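Colleague: Next come the chains, spelled out residue by residue.
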Amino acid sequence: MPNIVEIAVANDQFSTLVTAVTAAGLVDVLQSPGPFTVFAPTDAAFAKLPPGTITTLVQNIPQLARILTYHVVPGKFTQADLSHLSSIDSVEGSPITIDCTEAFEVKNATVIMADIEADNGIIHVIDNVILMG
Amino acid sequence: MTTLTKNTILPPSTHAFADVIHRLEAGGSMLPDTPENLMQIIGIYKAYAVPMDFYWRDLLYIAERVFLNPLRFFKYFLPQEYLDFPNHYAGETADLRIWRGEASAHPELLEFIEKGNTTKMPKLFHHLWHDRINMEFAEACMQAMLWHGRDMGMGKFDAYLDTEEYKANADKAIRAYFKGNPPMLALYKLFPDLFLEQVKELSYYSNLGLFWEVMAPVFFEMSDIYDEGGFKGVPDAMNFLVNGIFAIAGRPIYHHVYIGDECFEIIPKSKGFTWLYEAALPYVEAVFYRTAPFRGTKSYNAQAKQVPEEQKDFHYGILYADVFPVGTAGIPPTLLMDDMLHFLPPYLIEYYQKHCRGEDDMLVQLGITFQRSMYNVTSAVIQALRTALLYPLDDPNPRHLAKNRQFFEAQMDRFLRPEARLKDIQTDRYR
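Chains V and U are the protein sequences, given in the same order.
Quick note: the first sequence, position 28, residue 28 per the working numbering, numbers continuous.
Quick note: the second sequence, position 261, residue 261 per the working numbering, numbers continuous.
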């Protein structure tokens, strides 16, 4: 089975995410055995960020890495697992709120494709970049 | 004026500030959208940005160079190097160009440093004659951030100051700074925390300096855009701030100290601390909302119970301040009002001359304008948080809109206490 990074690279709606993960030097981490649960924003999600945000983050790699690690949770959690929880701690350290009452929502993002199995974890595709706080 | 569209999905709010909430939901500011308000807030941003250009440079100078000097007599005497220091967000060399002007110190600031309100004379005489920028105000803001510290915003800055890693970094810098100074080294051995606390304070100098390094070019640019006729109303001015907040959100917050030729990274950039979480949000909470009770308006008497026991209940920031006694004893913002007085744009001076006591109470009038302008900045912060953590204002999902409403209402709850000036700034009779 392909790992998390291989799935993202193979899918052309994750090109911004792949670029960001590469710039932040997180490729090796996401290829390690893990397992991880990754909330993966699509290119359209990154495009919603106001201009300048990405420019500043790409200039400052540790800060970019921090935002990206907020999208990663240690352990493998499917939609069914997460539906019992109200929040879960990210690798960054801050909690991500989960709401499965109507749709599968994490923070202010909606999961548009859940439970993509990878060799070292699971991917949920989201329609917004999520931010701590 | 900018036209705002009201949401028709949710029933009207029943909050005491329902009008303001509906305005926020339509993409507006807490400050009503009138041409007069726009003129006032932009004028005062300009007047604030010039002293702020001095504040951030001097804060960084103290954090990076003055460091633990036990006799800091000359800490407000900025060396040329720090006046020339290129702002990271202005000029040709900018990381991200916010202000189209130059990156070194603002020309009006340089002129004031040279001549002050009197005439050209050595810096020391300007200082002794108190013909200078009131840098104590910037330090008071820094102290508010230091003292309120831990539980503000969502940042991790203050918690890091208590880690072993930070202590080890600070220790290296302290030893290097006092190298060849046995009495100070002996004192450090006896009371290590005495110096560590000083270094923590200096880290906050750096934090606030890096915060204001961004705000100064933002305000300069807003003034230029206004002069070019670029803003149609208050919401435009607020949205410019919202975009600025997002653009710079990821800028690193750090504390570097230069001793001789060596740089000591007390808080390295690699910790991943960001402008938004570790500087901007704690600043807004500490300075706009909380600060400390003015010595001239509240009694610190423990039996009188005028001052709250819990820091979270402090409400002495600019959003609550009574500006009327500005210029009298025991009112700290006077320092800032006096700084801004030197750099008012002509249209604002003309405006004040036509109202109240004209020239005589200009300090109070500009103080109230400043309060309006900070309500607009706070609105930008509230809208930015809503954008970052919640939903777009035109989200079709009523459940999402209800969450936005809940957030706005919770923010407005903080202005329900009688000291808050939100109600006052809704009319132009408050001046």
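Hints are not guaranteed to be accurate.
Here are the simulated SDA-like pairs of lysine to any residue, each with C-alpha atoms no more than 25 Å apart in a straight line [what the hints assert, rightly or not]:
| id | chain 1 | residue 1 | chain 2 | residue 2 |
| --- | --- | --- | --- | --- |
| 1 | U | LYS156 | V | GLY52 |
| 2 | U | LYS269 | V | ASN60 |
| 3 | U | LYS403 | V | ASN60 |
| 4 | U | LYS403 | V | SER90 |
| 5 | U | LYS156 | V | THR101 |
| 6 | U | LYS305 | U | GLN143 |
| 7 | U | LYS232 | V | PRO95 |
| 8 | U | LYS120 | U | PHE343 |
| 9 | U | LYS312 | V | THR110 |
| 10 | U | LYS403 | V | GLY75 |
| 11 | U | LYS156 | V | SER86 |
FRET-style restraints, in silico, Cβ to Cβ [to be verified]:
| id | chain 1 | residue 1 | chain 2 | residue 2 | range |
| --- | --- | --- | --- | --- | --- |
| 12 | V | GLY133 | U | PRO35 | 32 to 42 Å |
| 13 | V | ASP12 | U | ALA94 | 11 to 21 Å |
| 14 | V | LYS48 | U | LYS312 | 27 to 37 Å |
| 15 | V | MET113 | U | PRO346 | 29 to 39 Å |
| 16 | V | GLY133 | U | PRO398 | 20 to 30 Å |
| 17 | V | ASP43 | U | LYS189 | 32 to 42 Å |
| 18 | U | LEU194 | V | GLY25 | 34 to 44 Å |
Simulated from the structure, these hints should not be mistaken for laboratory data.
As the structure is a prediction and not an experimental result, all values here were calculated from the model.
For glycine and all other residues, C-beta sits at the position ideal for the given N, C-alpha and C.
Colleague: Work down the list of hints and note, for each, if the structure agrees.
Modeller: Do the hints match the structure? See the list:
Annotation: proposed proximity of LYS156/U to GLY52/V holds, straight-line Cα distance about 24 Å (limit 25 Å). Only pairs whose Cα atoms come within 25 Å are accepted, and LYS269/U paired with ASN60/V is accepted, the gap being roughly 8 Å. Distance restraint check for LYS403/U and ASN60/V: the Cα-Cα separation of roughly 32 Å exceeds the 25 Å cut-off, and the hinted pair is therefore not satisfied. Taken as a hint, the LYS403/U and SER90/V pair is honoured in the structure, with Cα atoms around 23 Å apart against an allowance of 25 Å.
At most 25 Å may separate the alpha-carbon atoms for a hinted pair to count; LYS156/U and THR101/V exceed this at roughly 31 Å. A distance of roughly 23 Å separates the Cα atoms of LYS305/U and GLN143/U; the hinted pair therefore holds under the 25 Å criterion. Distance hint between LYS232/U and PRO95/V is unfulfilled; the C-alpha atoms sit about 40 Å from each other, more than 25 Å. For the suggested pair LYS120/U and PHE343/U, the alpha carbons sit about 18 Å apart, so the restraint of at most 25 Å is met.
Proximity of LYS312/U to THR110/V is assessed by CA-CA distance (about 33 Å); at most 25 Å being required, the pair is judged violated. A threshold of 25 Å between alpha carbons decides the hint, and for LYS403/U with GLY75/V the separation of about 30 Å lies outside it, so the pair is violated. Between LYS156/U and SER86/V the CA atoms are separated by roughly 23 Å; this keeps the pair inside 25 Å, and the hint holds. Look at GLY133/V against PRO35/U: about 35 Å separates their beta carbons, and that is inside 32 to 42 Å.
ASP12/V and ALA94/U have their C-beta atoms about 33 Å apart, which leaves the hinted 11 to 21 Å range violated. Against the hinted window of 27 to 37 Å, the Cβ-Cβ separation of LYS48/V and LYS312/U comes to about 33 Å, which satisfies the hint. Taken as a hint, the range 29 to 39 Å is violated for the pair MET113/V and PRO346/U, whose Cβ atoms sit roughly 59 Å apart. Taken as a hint, the range 20 to 30 Å holds for the pair GLY133/V and PRO398/U, whose Cβ atoms sit roughly 24 Å apart.
Distance hint check for ASP43/V and LYS189/U: the Cβ-Cβ separation is about 57 Å, which falls outside the suggested range of 32 to 42 Å. Hint check: LEU194/U to GLY25/V, Cβ distance near 39 Å, so the stated range 34 to 44 Å holds.
In summary, the structure is inconsistent with hints 3, 5, 7, 9, 10, 13, 15 and 17 from the numbered list given earlier, while agreeing with the others.
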